[in-house]
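6 protein chains.
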Amino acid sequence: MLSQTELITLSKNDKVDHFLLIRRMDLRTTRSGSDFLSTELSDKTASISANIWEGFAELSARGKVGDLVKVSGTVEEYQGSLQIRVSSIRLARESDGVSPQDFLPVSRRNLDDMKNEFSQRTKSISNKHLKKLLAQVFNDKRFGQFCLAPAGKSWHHAYIHGLLEHTLEIIKLCELMCEFHSELNKDLLISGAMLHDIGKIEELSYDSAFEYTEKGKLVGHIVIASSMVQDEIKNIPDFPAELENNLIHLILSHQGKLEHASPVIPKTAEAIALYQADELSAKVNAYKNAVESELKADSNWTRFIPLADTDLHKFNFTNSSNEESKKSLFD
Amino acid sequence: MLSQTELITLSKNDKVDHFLLIRRMDLRTTRSGSDFLSTELSDKTASISANIWEGFAELSARGKVGDLVKVSGTVEEYQGSLQIRVSSIRLARESDGVSPQDFLPVSRRNLDDMKNEFSQRTKSISNKHLKKLLAQVFNDKRFGQFCLAPAGKSWHHAYIHGLLEHTLEIIKLCELMCEFHSELNKDLLISGAMLHDIGKIEELSYDSAFEYTEKGKLVGHIVIASSMVQDEIKNIPDFPAELENNLIHLILSHQGKLEHASPVIPKTAEAIALYQADELSAKVNAYKNAVESELKADSNWTRFIPLADTDLHKFNFTNSSNEESKKSLFD
Amino acid sequence: MLSQTELITLSKNDKVDHFLLIRRMDLRTTRSGSDFLSTELSDKTASISANIWEGFAELSARGKVGDLVKVSGTVEEYQGSLQIRVSSIRLARESDGVSPQDFLPVSRRNLDDMKNEFSQRTKSISNKHLKKLLAQVFNDKRFGQFCLAPAGKSWHHAYIHGLLEHTLEIIKLCELMCEFHSELNKDLLISGAMLHDIGKIEELSYDSAFEYTEKGKLVGHIVIASSMVQDEIKNIPDFPAELENNLIHLILSHQGKLEHASPVIPKTAEAIALYQADELSAKVNAYKNAVESELKADSNWTRFIPLADTDLHKFNFTNSSNEESKKSLFD
Amino acid sequence: MLSQTELITLSKNDKVDHFLLIRRMDLRTTRSGSDFLSTELSDKTASISANIWEGFAELSARGKVGDLVKVSGTVEEYQGSLQIRVSSIRLARESDGVSPQDFLPVSRRNLDDMKNEFSQRTKSISNKHLKKLLAQVFNDKRFGQFCLAPAGKSWHHAYIHGLLEHTLEIIKLCELMCEFHSELNKDLLISGAMLHDIGKIEELSYDSAFEYTEKGKLVGHIVIASSMVQDEIKNIPDFPAELENNLIHLILSHQGKLEHASPVIPKTAEAIALYQADELSAKVNAYKNAVESELKADSNWTRFIPLADTDLHKFNFTNSSNEESKKSLFD
Amino acid sequence: MLSQTELITLSKNDKVDHFLLIRRMDLRTTRSGSDFLSTELSDKTASISANIWEGFAELSARGKVGDLVKVSGTVEEYQGSLQIRVSSIRLARESDGVSPQDFLPVSRRNLDDMKNEFSQRTKSISNKHLKKLLAQVFNDKRFGQFCLAPAGKSWHHAYIHGLLEHTLEIIKLCELMCEFHSELNKDLLISGAMLHDIGKIEELSYDSAFEYTEKGKLVGHIVIASSMVQDEIKNIPDFPAELENNLIHLILSHQGKLEHASPVIPKTAEAIALYQADELSAKVNAYKNAVESELKADSNWTRFIPLADTDLHKFNFTNSSNEESKKSLFD
Amino acid sequence: MLSQTELITLSKNDKVDHFLLIRRMDLRTTRSGSDFLSTELSDKTASISANIWEGFAELSARGKVGDLVKVSGTVEEYQGSLQIRVSSIRLARESDGVSPQDFLPVSRRNLDDMKNEFSQRTKSISNKHLKKLLAQVFNDKRFGQFCLAPAGKSWHHAYIHGLLEHTLEIIKLCELMCEFHSELNKDLLISGAMLHDIGKIEELSYDSAFEYTEKGKLVGHIVIASSMVQDEIKNIPDFPAELENNLIHLILSHQGKLEHASPVIPKTAEAIALYQADELSAKVNAYKNAVESELKADSNWTRFIPLADTDLHKFNFTNSSNEESKKSLFD
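Protein chains in written order, with this note's numbering: chain A, 704 to 1034; chain B, 704 to 1034; chain C, 704 to 1034; chain D, 704 to 1034; chain E, 704 to 1034; chain F, 704 to 1034.
Incorrect hints may appear among the rest.
No copy labels: a pair is met if it fits in one copy or bridges any two.
In silico DSSO-like pairs for lysine-lysine, Cα to Cα no more than 30 angstroms straight-line [as the list claims (entries may be wrong)]:
hint : residue 1 : residue 2
1    : K773      : K960
2    : K937      : K835
3    : K747      : K920
4    : K920      : K767
5    : K918      : K826
6    : K1017     : K747
7    : K1017     : K937
8    : K960      : K920
9    : K1017     : K835
10   : K718      : K818
11   : K773      : K1017
12   : K844      : K856
13   : K834      : K960
14   : K844      : K826
15   : K918      : K718
16   : K834      : K875
17   : K767      : K747
18   : K826      : K718
19   : K1017     : K875
20   : K1017     : K718
21   : K747      : K715
22   : K834      : K767
23   : K773      : K856
In short, the hints are calculated from the structure, not lab data.
Using the sequences and the hints given, assemble the complete structure.
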């Protein structure tokens, strides 16, 4: 692991001598005809822009989005934002011992805690067919991918381990719903929660930048998941057809509406519970992230967020950690 | 309280000597010219139809939906459904000591438990302005109505104490979301959850049948609630304007979309949490109820449910209480 | 095969001594208290109603929609429609040698002609992977079901052999599009056309009346088809992943829009061709059938057809077969 | 009041020595690294852009949108538009005796005429409850704000006194509708017309630039208005509940559709009249303004106007003032 | 003209000896096998139902909707509504001297007043091309139809002379808009208002009942009107193309939205004025009529009105004519 | 005709000495204050950008989009795209003998072949009224325009002769539908196919760049076509009204939905056939063109295509012409 300081902690005039991930890279030309390389570079804590005015020939020819670079320079301020004034830059080498995955945004939750919570739930499933199915689907290889993957490209839980974190939130919300309604089939619902987004491990690539794969775009994570689960069911003798249909129904209907790309809408109480729990987990995560990362300067409002169809308002987020400021406001 | 047997327990040929609530009453005429009174009668457990062929003059002239009647007769089967063959019927009298409220559907949860859970939450609010506001809004009179009212006319939590039960579910879901996200302002969110549907105590009448009031139809529970809360805030010196705007925003935006009659859409992380928790609580309750009460004979499917835009499927609800049947199916 | 006269040819006062299929059956009671059995009966040419006033005990107890009955009686007219005045009725027996399938509506096209046309197309596929895949999917058992099934419950090609007829129309339309555009990948497009609706053989039941199966309602023909095809692909070594993704994409996107239950929308030229050819084949068939079967008396207009969102107009359909009437009109 | 020439009258090469309002201000940098300040400046008649290349340190640090500046320079043409070549610029001072409000767009109608027309209508209300209510709502302070405020940020009547002008148009349209339909409750309808947009005095700020306030974004003018009116009704003894509900209904439903942010849709003949009169007044004003201000050079068409969902066409607007040109065209 | 009393004035037990129009006529059969003729009969003031139990052979065979009958009998009450107990009924004869048009609902406004108002407006058009065009379109024959026709089948101004009444309302609203905005081309706008619905004289038949014609259903009043106007323009030498395009645009866009069957949306200030004035006139008329005719017994609410998407509320309509009741309510 | 090399064949460093068409032309200024002319220039095979830094005074003052220029210079590469480094440029002159039409994109099909195919179809119409009508509508002048015009501005068949090519495709698809359904009125349907888009010859201008005309924007091609056809019908004695209504219905409804600007929706089997055949022809052409012209570098995906609501995927288009590459992939 790297020992370099995190980007988020840097201020104006700080020295930079960092490995960073290329998030964007364009060759541009000034009106006066000079070429330069415009880039956006990141570690797991933040993203910063850097224009490179010379010595970028090799980088421009051989580098691409998702690659790592070694950058030296100074932090400077430009139009209210920080950027790097680059003195030298080069592509990372084998011998540098760095990997793009160390530079991706990562869940704030502890990975082992999350894995334990998840395993605990798989053990609590009492239906033997479902228990066997979960063991097969979450074999070592798939469980590794499942624990690594983000839950999305950019909207919600869009960070390493995000899929696991998101799935755990839904499981807990569904458990609470089962407390309210003993009529719900808990084994079915929790199994559905665990499996509903498993297709995202193939829909997205997350070795470096998060992107949709070709299969992700042509097939989509819903059908990828249902195929994956049906394949495993074929290897379980006597898996009841009715149980299979209801489980596949949970996966297919979990986006709740046809226009959200579910090929069937929820037709059971378990299916509506899964859909609405998914919404609750996803939307609150997405809004929180937007409010944290998109605030306009000198404002409690973000820029317009298309997926929320509005600009968002930040209210009093510091009141728990900063008792004094909270007191002065409302107490 | 009444000692009569519950409607839901009656079978063909059982004697009826019951007080029942009028849910529907129409004067009809046969093709051959005979008048009769077609009615639907209920207690809190079920609803049954009865045609009255004679002696209904006074009932027809003075009775109306929501009144109680004393009915004698026998249960018979007609086209696959049970109905009452009426031998005599009369309007209930003062001296009968019965009240329409005893005949309305009621939450299955224990009322005192729910009141305690609610009070516990109001005590846990630490912001002094919100604490004072909640005490004022939930004064004895309003708290009484709040604990009595249904959360809706027919779709979800449409029974006595339903508003309290629904509100508690949302509070617990929001508490869980605050565990996931310490950035959420918990005092604001829980207060909003408590107040968001308070307007329903005036939007609906629930003395006998559940109906929209004139104010309910012309103004609606969202603006009734925001007015009620703003009135009480006026009596609290120094209630911060920013806090008021954010709290009112939670109430106004809690239906999530303009086309669902919210005059503003959620613009804070707390507002989206409240909206989505409301959806989760409401939809699962509604689907569960529909699956229980609308199943077609010899079928695992209900009739078409317009608000779900589909017919609904009942899967394996008995597996927890009936271990044997479950075993034979999937184990 | 039966030698009885077709329902469509019967007139008032004709004798009935027919085997017929039960399409609807309700036990009803007159206002004066008499029970009777209200039914709708059909052969493959037409449907007629019949009320049975006595001797229906066994039929009522043991018969159900989709069963066959032997009916004797007379055709009479009632409020402008024909119905059967039943003198006797009984359930068909094993020894009668009749089968419900002989009473279902059937495509007007010759089955062997259609099978030949279809086989000819499978032979014309030159890509070896697709050729092998088609052979496996259309094995004897599945091809049998494919040639029997209707393409829908009631809207278009809703008759025995309808799925085959519909698929052939789409194939021919796609071949024409390939003539217009040599850039289209013909093997891929024609294979997609052949496979796109194969899931309907499990989505619908068509032994007697056409109904959705439980799997049909919970999973749907689109995902049934994609699973079926992916299963067979697993048995073909070296089937190219890119080809699989593009073929599955054709199946998943063939309803063209998310709100029409496709989980992805068309993203290739072949996919848009398949979707639009499907629409053309389906809509013209549906409108033609509606115009033929739903015309109101003394009118060139049908009743309101919800799926067309309008009433439909019949114009001059007889002009090719009836030269004289055509001449008097326009020549 | 200022004696400087109006912006709208300036041409290329004219000298500028003006106080102007800052509508937009961004610090930018050329590719070659020079900073400059890009601004949009306006008086009440027009808006013009100006880039400032030096001496903008104080302005950039202390000025903001809505402030006034003193600018010297020359008008020049750039890519078909006029802009100011700035020789010097400074923030306005106390001693300059200028106020931002003198630089905002203003209604073309005479303010006193409009006030008189409005007062005349309040006098004509005969219902004593409504008369008292109007007197209280339109107290001196609120009436001052009401006469100053624009009716919107940019779409229609988006100028000082615009709210009063718009309200008067609606009143007159409603009076005409009352002539057509004596059944309409004129007192109720005209009172509703007067009050429906009163919430805009708090939804918008209009001291300098027109912006939404925090309350405007979180609560919105519809609920602000209903709260304001309900507060005043509380101070009127015996105000009939039915009248209150119907009046509040007019305010809440005046945007006509849920998706336009009305929490209830029009349910009375008066409510539909108010909604449609509002639409007529607003849309014609908006389209007229767009056609006047957004015409593309050498064209009778404007740019694409998102709120109209089309580009707009200007036809023959000069024919009343310019008889000759009109004659040559059509006479 | 008839001297018989108006239907609206009849009460229980009154004698009937009236000519009435057949609005609906069905042959029905009781469960016990008796045939009877169920009808709805009307004069211009009201509609009433009547069942005929004998002597209806000729009527049933030769009569149809839109025909007149002579009915004798008595008014009786049945399930809260009045109906006619028929003693004899026959089709009207040539010699009776009655015409179906005397039995259709008619505008309450005086026809000559309306004609004068309309003519006055055509005289005020100063543009010579438009003046000539209006004279040609409103030739004697067409003006006769225009003054007779309803503006719709059932929703708004759905009565004889309704098209003229509706057009006059729009003209007056547009004149008011021209007072607000001198920039509007008044000649163009008023001419457009006069012509916009002229196609309805061919879209509807209104000799007896109001029905869509075949041309009305296949072509529609918008294109009928544009064709009619373009035909007449061809006969006017030198009619300016730009004026024609703008006038046709007013006709085509007057329903404001593509989904309301306008093939283009409003693109000029005049077009938006015409559309919104049309909406205001139509909606208020429709809501008023619905509130008057659809009120449920003992209620201030109508049944659900699909075109309004709500039930409607009647508020205080009698307060102008009935000072006392008004006083007791609000004064 | 020109002998210059086609743009599509040029590579980096090639000399340019070409006549080209101006597709876009903007005067721009660098940050440092230099003016330059930014243009897009095209021949019929491709489009290329060129910035002109001096000597553009006359061009800028007198040239406009749709004009031709003579350009000398060199091809260079800039940010991955080719552009022209201009050494000299001037407007084309009369004496150059070049015409803008030679620089527009053109159908790849042979014009005479298409004309022959079209004529053959007009001859095959047997109904004498329709035959006469087609002869009149497609008189020499209109047939010339019809054969020249594109079928759209940019989406589908947006090239010279595109309207004829598109119409022929629809005719052939409709002929195939008539093979499937002998009930369709072939003469009516084929005539409707021929006439449905004839209005585009006036809706668009296509002398140089393709643009909407003023009439096109205010009236639209659907009503232009229906007027054109109705005018010609007036000159045919005894043209049956029913035939006219059905033919006009085909034209008016051919865009299938009100929101696609058809003033009536399809109400006959012929109308739905024409609409769906139009969709099939248009969409496949549009997607194919997008996939060919919008591919992103190093990708099988295009940029996001708004009219398809997705990015598009190119699959294996070369496999028919390039057997080897195909073999290596799938065989």
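Item checked: Alpha-carbon proximity context of K937 and K835, limit 30 angstroms -> both (12 angstroms within a copy, 22 angstroms between copies)
Check: 30 angstroms Cα cut-off: does K920 pair with K767 within a copy, between copies, both or neither?
Finding: within (21 angstroms within a copy, 42 angstroms between copies)
Note to self: If the cut is 30 angstroms between Cα atoms, do K773 and K960 qualify within a copy, between copies, both or neither?
What the structure shows: neither (46 angstroms within a copy, 46 angstroms between copies)
Item checked: Up to 30 angstroms CA-CA - K826 versus K918, copy category -> between (32 angstroms within a copy, 29 angstroms between copies)
Next item on the list: Since the copies are identical, ignore which copy is meant and state whether K1017 and K875 lie within 30 angstroms (CA to CA) inside a copy, between copies, both or neither.
Entry: The answer is both: 26 angstroms in one copy and 23 angstroms across copies each meet 30 angstroms.
Check: Between the shortest in-copy and the shortest cross-copy C-alpha distance, which are at most 30 angstroms for K834 and K875: within, between, both, or neither?
Finding: both (18 angstroms within a copy, 29 angstroms between copies)
Next item on the list: Go through the copies and call it for K1017 and K747: within, between, both or neither, with a Cα cutoff of 30 angstroms.
Entry: Within one copy, since 23 angstroms is at most 30 angstroms while 34 angstroms is not.
Note to self: At most 30 angstroms between alpha carbons: which applies to K767 and K747, within, between, both or neither?
What the structure shows: Within one copy, since 18 angstroms is at most 30 angstroms while 35 angstroms is not.
Item checked: Intra- versus inter-copy proximity for K818 and K718 (alpha-carbon distance at most 30 angstroms) -> neither (38 angstroms within a copy, 60 angstroms between copies)
Note to self: Within a copy, between copies, both or neither: which one fits K747 and K715 at a CA-CA cutoff of 30 angstroms?
What the structure shows: within (20 angstroms within a copy, 41 angstroms between copies)
Item checked: Homo-oligomer pair classification [K826, K844; C-alpha up to 30 angstroms] -> within (19 angstroms within a copy, 41 angstroms between copies)
Check: Should K918 paired with K718 be assigned to within, between, both, or neither, using CA atoms and 30 angstroms as the limit?
Finding: neither (42 angstroms within a copy, 43 angstroms between copies)
Hint check: violations occur at hints 1, 10, 11, 15, 18, 20 and 22; the rest are consistent with the structure.
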